[in-house]
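Trainee: Sequences are here, hints too, so could you generate the full structure?
Residue numbers (the numbering used here): 290 to 416.
FYI, nobody ran anything at the bench for these hints, they're computed from the structure.
Virtual Cβ for every residue (Gly too), placed ideally from N, Cα, C.
Treat the hints with care, as some may be off.
Taking CB as the label site, the calculated pair distances span [claimed, not checked]: (1) 294 / 369: 47 to 53 Å; (2) 382 / 301: 18 to 24 Å; (3) 347 / 369: 16 to 22 Å.
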Amino acid sequence: MEAAERGATRIADRVVAKIASQAAREALSGAPARGAPAGAPATGAATAGAEVSPPHATVTVHDDVARVRVAVELAYPSDIGAQCGAVRRRIAERVRALAGMEVPEVAVSVERLHSVHTVSAGRERVR
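Mentor: See below:
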């Protein structure tokens, strides 16, 4: 039987959105925040102790093309542009590899910045 006669596999938008969210988490877990003390956790975890929401993605799929919008929270100070670029590249790479879709557009929205200094200051004891 020919491939065209067997049918097609459709991947739901929400599945692609989950792939994109996980890819954003992976991208943000790579580099320590600038200004963080030596041995500090990676950027995605540099806000330990703060209420940090995981990345949230929404996706629009048409044919084999996915357009992604993802909202992230980042540690500050850090290279925000580099982090957003890493998120874009990782999402495009993972969606292409796992869902077989091209991703010509990834819009990254920074919802909140978490200061490494205020997070650690919040844990200090007051005398």
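Trainee: Against each hint, give a clear statement of whether it holds in the structure.
Mentor: The hints, checked one at a time:
no.	hint	in the structure
1	294 / 369: 47 to 53 Å	holds (50 Å)
2	382 / 301: 18 to 24 Å	holds (20 Å)
3	347 / 369: 16 to 22 Å	holds (21 Å)
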